[in-house]
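Fit chain Z to the given chain W structure using the hints.
Residue numbers (our numbering), protein chains in the order written: chain W, 1 to 323; chain Z, 1 to 304.
No lab work stands behind these hints, which were simulated from the structure alone. Treat each hint with caution, since some may be false.
Unchecked claim - Listed next, the in silico BS3-like pairs over lysine-lysine satisfying Cα-Cα at most 27 Å (straight line):
hint, chain 1, residue 1, chain 2, residue 2
1, W, LYS7, W, LYS194
2, Z, LYS187, W, LYS312
3, W, LYS194, W, LYS312
4, Z, LYS88, W, LYS312
5, Z, LYS88, Z, LYS187
6, W, LYS312, W, LYS7
Claimed, not checked - Not the full set, but computed from the structure, chain Z residues with beta-carbon under 7 Å of chain W:
hint, residue
7, HIS91
8, ASP93
9, PHE103
10, ILE235
11, SER274
12, SER278
13, SER281
14, MET282
Predicted model, so just to flag it, every value in this text is computed and none were measured. Glycine included, each C-beta is placed from N, C-alpha and C at the ideal position.
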Amino acid sequence: MAGGVRKTVLIAGGGLFFCLLPWAAHYFGEQYLVSLFTRILIYSLAAVSLDLLIGYGGLISLGHAAFVGIGGYVTAIFFQHSFEAEPLAGIIPGSENALLVWPLAVIVAAAFAFLIGSLSLRTSGMHFIMITLAFAQMLYYFAVGLEKYGGDDGLSLYSRNQLVGMDLANDVHFYFVCLFFLSLFLLISDRLVKSRFGLVLRGAASSSRRIHALGIHGRRYKLICFIIGGAGAGLAGALLANQTEYVSPGLLHWTMSGELMVMVLLGGLGSLFGPVLGAAVYLLLEETLAMYTEHWMVYLGPILIVVVLFAKRGLFGLLTHRD
Amino acid sequence: MILLVEQLLNGLQLGITLFLMSAGLTLVFGIMQVINLAHGSFYMIGAYVGATVAAATGSFILALAGALGAAGVAGMAVEILVLRQLYKRDHLDQVLATFGLIFFFNEMTRIIWGKQPLFMDIPTWLKGNIELLPGLIYPVYRLAVIVVGAVVALLLWYLFSRTRLGMQIRAGASNRDMVSALGVNIKLLYTLVFGLGTLLAGLAGVMAGPIFAVESGMGESILILTFVVIVIGGIGSVRGAVVGALLVGLVDTLGRAFLPTLFRTFLSSSYADSVGASLASMSIYIVMAAVLIWKPRGLFPSHH
Numbered sequence: 001m002a003g004g005v006r007k008t009v010l011i012a013g014g015g016l017f018f019c020l021l022p023w024a025a026h027y028f029g030e031q032y033l034v035s036l037f038t039r040i041l042i043y044s045l046a047a048v049s050l051d052l053l054i055g056y057g058g059l060i061s062l063g064h065a066a067f068v069g070i071g072g073y074v075t076a077i078f079f080q081h082s083f084e085a086e087p088l089a090g091i092i093p094g095s096e097n098a099l100l101v102w103p104l105a106v107i108v109a110a111a112f113a114f115l116i117g118s119l120s121l122r123t124s125g126m127h128f129i130m131i132t133l134a135f136a137q138m139l140y141y142f143a144v145g146l147e148k149y150g151g152d153d154g155l156s157l158y159s160r161n162q163l164v165g166m167d168l169a170n171d172v173h174f175y176f177v178c179l180f181f182l183s184l185f186l187l188i189s190d191r192l193v194k195s196r197f198g199l200v201l202r203g204a205a206s207s208s209r210r211i212h213a214l215g216i217h218g219r220r221y222k223l224i225c226f227i228i229g230g231a232g233a234g235l236a237g238a239l240l241a242n243q244t245e246y247v248s249p250g251l252l253h254w255t256m257s258g259e260l261m262v263m264v265l266l267g268g269l270g271s272l273f274g275p276v277l278g279a280a281v282y283l284l285l286e287e288t289l290a291m292y293t294e295h296w297m298v299y300l301g302p303i304l305i306v307v308v309l310f311a312k313r314g315l316f317g318l319l320t321h322r323d
Numbered sequence: 001m002i003l004l005v006e007q008l009l010n011g012l013q014l015g016i017t018l019f020l021m022s023a024g025l026t027l028v029f030g031i032m033q034v035i036n037l038a039h040g041s042f043y044m045i046g047a048y049v050g051a052t053v054a055a056a057t058g059s060f061i062l063a064l065a066g067a068l069g070a071a072g073v074a075g076m077a078v079e080i081l082v083l084r085q086l087y088k089r090d091h092l093d094q095v096l097a098t099f100g101l102i103f104f105f106n107e108m109t110r111i112i113w114g115k116q117p118l119f120m121d122i123p124t125w126l127k128g129n130i131e132l133l134p135g136l137i138y139p140v141y142r143l144a145v146i147v148v149g150a151v152v153a154l155l156l157w158y159l160f161s162r163t164r165l166g167m168q169i170r171a172g173a174s175n176r177d178m179v180s181a182l183g184v185n186i187k188l189l190y191t192l193v194f195g196l197g198t199l200l201a202g203l204a205g206v207m208a209g210p211i212f213a214v215e216s217g218m219g220e221s222i223l224i225l226t227f228v229v230i231v232i233g234g235i236g237s238v239r240g241a242v243v244g245a246l247l248v249g250l251v252d253t254l255g256r257a258f259l260p261t262l263f264r265t266f267l268s269s270s271y272a273d274s275v276g277a278s279l280a281s282m283s284i285y286i287v288m289a290a291v292l293i294w295k296p297r298g299l300f301p302s303h304h
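The shape of chain W in the complex, shown without the other chains (with noise of 0.2 Å):
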């Protein structure tokens, strides 16, 4: 079977499991179930942008966390406002309107993507990882100095947001809003890698001066990038914050952002669908090894360095490729 058909074969698998998964849930009564796949969907979205990233765009970015607790806090921060009724800032109401905050996480996501990114891109390699982390961790700083907002212990939502229609507070309705969200994700990055956008994106992350000997801005394209990447992880981080009714500094933490790449890294660098795979491999596998032992990461720690050793593109990779 050709690596085509292959691709093709495994991403409609994929499609069709996640559709069936409530109701092989209920019939199993492992209800349970839905809420743990729920949590794979929405880091699968977390992991896919930043796959744009780091597999399309070059980007190693180990500050990517920060856009997701941008989206979560934005979402909670609403909330509070609209629960206590206190406008924000004395003048802006809160809301808990999805059809609102949710767009307005991913814009709020967005424009600080675009300032870290501005100000990242203008170093590469070695500087620019460290760069965003550290931009990361200033915003994780300032999280915990939100005295306002629950400081270190984070904001409690006492519902999910409304959604014209939907019922969120029921799981499985949840699970179909996320699995809606990520599949649009992925479609809307699978068009723009396969565009000419995504051509000069892949040029310029290859080699950004034969890019700009074609009098291309690579730069430019690195950052509207980062910036659709941010506001994908914003998009994720009001979701989280709906699933878990709460939101805490520990979102835009570093180990966050760590975690995230290993996703990516897991299910297959550059390949969109196979952080999917990789978020739900890592997150089954935290899962299933914390069942048996509280020590998991003693093991888990050795399976990634044994991953990035010998399996270079991921488990998409091994699945859809035969040499």
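Below, chain Z without anything else, positioned relative to chain W:
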């Protein structure tokens, strides 16, 4: 005035700890072109082994020796087993593999030493305070940390610019293949440099033991500060590490000490405290962003 001098000394002491961390890391970055997230783990290993030896024998000197040995040997083992495979890989692989190492080391310390933090006593001969200036009383131990750091900085300078080994290391940084062709065992050299870096991290860890709690994950908070130091100073530059470490140590300490007071002059006190504290913890990142806008490759970029 007394308070300012005291805070300056505290800043200097944090700067020295950061220098010990960043000297090793910047060498590894500069010479081997490897990004090592697990550098904080050797700081942690130094602190744990130091605290354990000190508790068992009661001798601080033995604790110091044990910590340095453990961190150095662990570092060389990691270089041979993992890092060596990564020199030719891209930065992403290095980030992920060393991220895996952090998982491993953090959890290992939890298995060996448990979840409770360890506490390490200041040795009796370094206990007490000393009056540096009339009215300025400062703990002897913290002063000793500053002195040790300064001595190590001098030794490093001597090693790099005045010895044969230092010459080989500098040559290895600019052209690995040429040095190898001239008959230097470059593999051994890399292992030694890496071991030296982790040994310094272990020294920083054991000296921090009596000041902070020794606990799993303690390496990560200092690791991020170390990265900021290196980015400010310029990757691969030991001179940059000195300047960056002192700058970060001073800005962080002085910001925490004085920003809340400063804000209290024009804001209500509870609001001033929270704004001041949160701005203080962000201050070094703001300094870093400013340096980068001005000089994207750091204050002392190394040439290659």
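Now for the hints, and whether the structure bears them out:
Of the supplied pair hints, the one linking LYS7(W) and LYS194(W) holds, its CA atoms being roughly 16 Å apart against a limit of 27 Å. Distance hint between LYS187(Z) and LYS312(W) is fulfilled; the C-alpha atoms sit about 25 Å from each other, no more than 27 Å. At most 27 Å may separate the alpha-carbon atoms for a hinted pair to count; LYS194(W) and LYS312(W) meet this at roughly 22 Å. At most 27 Å may separate the alpha-carbon atoms for a hinted pair to count; LYS88(Z) and LYS312(W) meet this at roughly 14 Å.
With a C-alpha separation of about 13 Å, the suggested pair LYS88(Z) and LYS187(Z) falls inside the 27 Å cut-off, and the hint holds. Among the hinted pairs, LYS312(W) with LYS7(W) is consistent with the structure: their alpha-carbon atoms are about 17 Å apart, no more than 27 Å. Given hint, HIS91(Z) at the interface with chain W, holds; its Cβ is 6 Å from that chain's nearest Cβ, closer than 7 Å. For ASP93(Z), the interface hint holds, since its Cβ comes within 7 Å of a Cβ in chain W; the closest pair sits about 5 Å apart.
Nearest Cβ of chain W to the Cβ of PHE103(Z): about 3 Å, under the 7 Å cut. The hint holds. At a threshold of 7 Å, the smallest CB-CB gap from ILE235(Z) to chain W is about 6 Å, leaving the interface hint in force. Because the smallest distance between the Cβ of SER274(Z) and any Cβ of chain W comes to about 5 Å, under 7 Å, the interface hint for this residue holds. Annotation: SER278(Z) was flagged as interfacial toward chain W, and the flag holds, the nearest CB pair being 2 Å apart, inside 7 Å.
Interface hint at SER281(Z): satisfied, since its Cβ lies 4 Å from the closest Cβ of chain W, which is below the 7 Å cut-off. A hinted interface residue such as MET282(Z) counts as satisfied when its beta carbon comes closer than 7 Å to some beta carbon of chain W; here the least separation is about 5 Å, so the hint holds.
Checked against the numbered hints given earlier, the structure satisfies every one of them.
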